[in-house]
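So the chains spell out like this:
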Amino acid sequence: MSHAMNKAFARGWMIAVYAFLYLPIVTLVIYSFNDSRLVTVWSHASFRWYHALMKDTDLVSAVVLSLKIAFLSALMSVLFGTFTAFALNRYKHFRGRTLLSSMASAPLVMPDVIVGLSLLLMLVSLQHWLGFPERGLFTILLGHALLGTAYATVVVTSRLKEMDTRLDEAAMDLGCKPFQVFQLVTLPLLAPALVSAFLLTFTLSFDDVVLSSFLSGPGYNTLPMVIFSRARLGLNPTINAVATMTITVVTIAVIASSFYQSHAERKRKREIALAYSESNK
Amino acid sequence: MDKIINYLHSLRHGRSVVIGVPYLWFIMLALIPLMIVLKISLSEMQSTSVSNMIDWTQGWPTIKLNFANYLFLASDSLYIQTYISSIQYAFITTIICLTIGYPFAYFMARSPKHLQPMLLMLIMLPFWTSFLLRIYAWKTLLVSNGVINNVLMSLHIIDAPLAMMNNSFSLIIGMVYSYLPFMILPLFANLSKLDLRYLEAAADLGTSPFKAFWLITVPLSKAGIIAGSMLVFIPALGEYVIPELLGGPDTLMIGRVLWDEFFSNNDWPIASAVAVVMILLILLPMAIYNKSQAQLTEIKT
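Listed in order, the protein sequences are those of chains A and B.
Once you know that position 210 of the first sequence is 210 in my numbering, the rest is easy, because the numbers rise by one and skip nothing.
Once you know that position 127 of the second sequence is 1127 in my numbering, the rest is easy, because the numbers rise by one and skip nothing.
Warning: the hint list may mix true and false statements.
[What the hints assert, rightly or not] The following label-pair restraints were derived from C-beta to C-beta distances:
#, chain 1, residue 1, chain 2, residue 2, range
1, B, F1091, A, L274, 46 to 56 Å
2, A, D173, B, R1015, 14 to 24 Å
3, B, F1263, A, S101, 26 to 36 Å
4, B, S1144, A, Y18, 26 to 36 Å
5, B, F1072, A, Y18, 44 to 54 Å
6, B, A1203, A, L167, 36 to 46 Å
7, A, D58, B, F1072, 36 to 46 Å
8, A, S102, B, A1201, 25 to 35 Å
9, A, A45, B, A1203, 48 to 58 Å
10, A, V64, B, L1283, 18 to 28 Å
11, B, R1015, A, A8, 54 to 64 Å
12, A, Y18, B, I1087, 23 to 33 Å
[What the hints assert, rightly or not] Pairs of lysine-lysine residues, derived as DSSO-like cross-links and limited to a Cα-Cα distance of at most 27 Å, are as follows:
#, chain 1, residue 1, chain 2, residue 2
13, B, K1113, A, K269
14, A, K7, B, K1222
15, B, K1193, B, K1113
16, B, K1113, A, K7
17, A, K92, B, K1211
18, B, K1193, A, K161
19, A, K177, A, K92
20, B, K1291, B, K1193
21, B, K1291, A, K7
22, B, K1291, A, K161
23, A, K161, B, K1039
24, A, K68, B, K1113
25, B, K1113, A, K267
26, B, K1222, A, K161
27, A, K161, A, K269
[Unchecked claim] Calculated from the model, a selection of chain A residues having no Cβ within reach of chain B, i.e. all distances over 10 Å:
#, residue
28, E134
29, F138
30, A170
31, A273
Worth flagging that the hints you see were computed from the coordinates, not collected in a lab.
Here a beta-carbon is modelled for each residue, glycine too, at the ideal position from N, C-alpha and C.
Whole structure, please, built from the sequences with the hints as guidance.
Shown next as C-alpha cells:
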C-alpha cells in the first residue's frame, strides 16, 4: 500500500466511526421536525411535536423533578467525592484504605440493576425499622448521589495527583493553618475539577433510568422514566422533540465549559509564569 | 463566618473527619446494601427480615443459611443459559469494539497534534447526550418501517424490509454503539504515548511496517487493549436498558432477568441470588483490569 492510500484509508475509517456515532443523534433531531404521526415517515417540517411537548404535563413535571434531583445530587456528589479523593490521596496510610477505595469504585463497575436493587432493599429494611424514608425524591437522590460520588472521586483524584503538594507545604511554611491552606491554595487549584465533576454527575443523574425506577415511589417519575416507559411501547414523536431540546442544551453547555476550562488553564499558566518571572527579578 | 473558620481551625482531628465522612457514606450506601442482598439471597421467600435468620432453638444464636435459591438457579436451565448468553453478547460486543476502536485510536494518535483535542471532544460529545435517547434513536433507525429500511427500499436496494430490530443484531449494534468510546479512550491514551523511535529503529533494521505493527505497536499497547476491553465487557455484561429497548424475546440478558424477577415476579430472594452470581461473574474481569492497571503504575514509577 502506498502512503497516500494509507492516509485515505485512515481518513475513511475515522469518518465512518464518527458517522456511526452521530447517525442516531442526527436522525432524532431531523425527525423531531416531522409533522407526521408516523415517526419514520417524513411528511413535512413543523413544530407540531414541540407544541405537543409544552402541553404534556407529565413530561413537564418530570423535567422539573429530574432537574431538582440532578442539581442536588451533583452538589452532594461533588462534596462527598472531594472528601473521598482527599482521604485516598492525601492520607496514604490508614487502616481500611483498601476497603474505602473498593467501596468507592464499586458503583462504577457494578451493573445499575444491582446498585438499584441493593439500595432499595437497604431502604426497605430501614423503613421497616424506623418508619422512614418514604420512597420518592429523597431515595432517588441518595441513589444518584452514591453513583455520582464514585465518579466525582475519579475526577477530583486525577486533579489532586497532578497538583504540586509543595505549594501546600510552602503555604504552611508561611504560617497558614491547614484549613487556610485548603481555602487559599488547594480549593482554587481544584476548582476546574470540581466544575467538571459537577457537570458530569449532573448529566449522569439527569440520564439515569435504572436507579430511579428501583428507588422511586408512586407519583415520582423522572424524565428518563417517562421516556423509557414510552419508548418501550413503541416510537413516539414527542420523544424526538425532548431529545432535540436536551441535545441543544447539552451541546451548548459542553462547548461553553470546554472554552471556560481552556481559558482558566491558560490564565493559571500565565499567572504561574508571571510569579516565576517576578521571583527571579 | 470568622467564628466558623476559627471553629474549624480548632478541629484537631481534621484527618479523621476527612476519612470518616466518606467512610460512613459508602458503608451506608454501598457496603450495607450489598450485605443485605447477600442476606436476602440466603433467605426464604416469606421471611426477609434479619430476625428469622437467627435461630435460638439451641439456646445460643446460630445463623440459618438457606441455599435453596442458588440451587434453584443451578437447576433451572433458563438461568444458566441466560448467564452464558450474557457473557457471549458482552464478549462479541468487546471484540467488535476492539476491531473498530483499535484502528480508530491508532489513526487518531497519528493525526496532527493540533487536531487531536477536537477529535477527542467529538468522541466524548455523544457521551453527554442522553444514553437512553441515543438507544431510542436506534429503534427509529432499525424497525421494519424505520429510517434505514425506508431509505434502502426507496433506493431499490432491497424489496422487503430487513429484520434488524428486536434480535441479536439490534442488541449488538446498540451495545457496540454505547460502549465504543470506552474502548477508544484508553487505547488512544496509550497509543498517543508510543515512542515512534521504536518503529524507526525497526524500519532501519529492515522490518516491514505491517510486521512492525504486530511486533511492536500491538504488544506495547497491551495495557490499553486490556483496559478498553474490560471497560466494555464489564458494563455490557449487566446491561438492562439496551436489551429491553433493542433486544427481542429470545435475546437473553441477565440484567433483564433480574429486573423481571424483582418487578414482575416480586421474588426478592431469587433476584438477590441472581445479583450475587452476577457480582461473582464480574469479579474475574475486574481482577484482570486491576492487575493491568497495577502493572501500568509500576512501570510508570
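Here is what the structure says about each hint:
1. B:F1091 x A:L274: 46 to 56 Å: Check passed, 54 Å falls within 46 to 56 Å.
2. A:D173 x B:R1015: 14 to 24 Å: 20 Å, holds
3. B:F1263 x A:S101: 26 to 36 Å: With a Cβ separation near 33 Å, F1263 of chain B and S101 of chain A satisfy 26 to 36 Å, so the hint holds.
4. B:S1144 x A:Y18: 26 to 36 Å: 27 Å, holds
5. B:F1072 x A:Y18: 44 to 54 Å: 47 Å, holds
6. B:A1203 x A:L167: 36 to 46 Å: At 45 Å between Cβs, range holds.
7. A:D58 x B:F1072: 36 to 46 Å: Distance hint for D58 of chain A, F1072 of chain B holds at roughly 39 Å.
8. A:S102 x B:A1201: 25 to 35 Å: Hint violated: Cβ distance 42 Å, outside 25 to 35 Å.
9. A:A45 x B:A1203: 48 to 58 Å: 55 Å, holds
10. A:V64 x B:L1283: 18 to 28 Å: Since V64 of chain A and L1283 of chain B have Cβ atoms about 40 Å apart, the given range 18 to 28 Å is violated.
11. B:R1015 x A:A8: 54 to 64 Å: 59 Å, holds
12. A:Y18 x B:I1087: 23 to 33 Å: Roughly 30 Å apart at Cβ, these two residues keep to the hinted range, so it holds.
13. B:K1113 x A:K269: 20 Å, holds
14. A:K7 x B:K1222: 25 Å, holds
15. B:K1193 x B:K1113: Between K1193 of chain B and K1113 of chain B the Cα gap is close to 12 Å, so the pair holds against 27 Å.
16. B:K1113 x A:K7: 16 Å, holds
17. A:K92 x B:K1211: 44 Å, violated
18. B:K1193 x A:K161: 19 Å, holds
19. A:K177 x A:K92: 21 Å, holds
20. B:K1291 x B:K1193: Distance of about 20 Å is within 27 Å: holds.
21. B:K1291 x A:K7: 36 Å, violated
22. B:K1291 x A:K161: 20 Å, holds
23. A:K161 x B:K1039: 38 Å, violated
24. A:K68 x B:K1113: 41 Å, violated
25. B:K1113 x A:K267: With Cα atoms ~22 Å apart, K1113 of chain B and K267 of chain A stay inside 27 Å; holds.
26. B:K1222 x A:K161: 24 Å, holds
27. A:K161 x A:K269: Holds - the C-alpha atoms of K269 of chain A and K161 of chain A are around 17 Å apart, at most 27 Å.
28. E134: 18 Å, holds
29. F138: 13 Å, holds
30. A170: Fine: 19 Å to the nearest Cβ keeps A170 of chain A off the interface.
31. A273: 21 Å, holds
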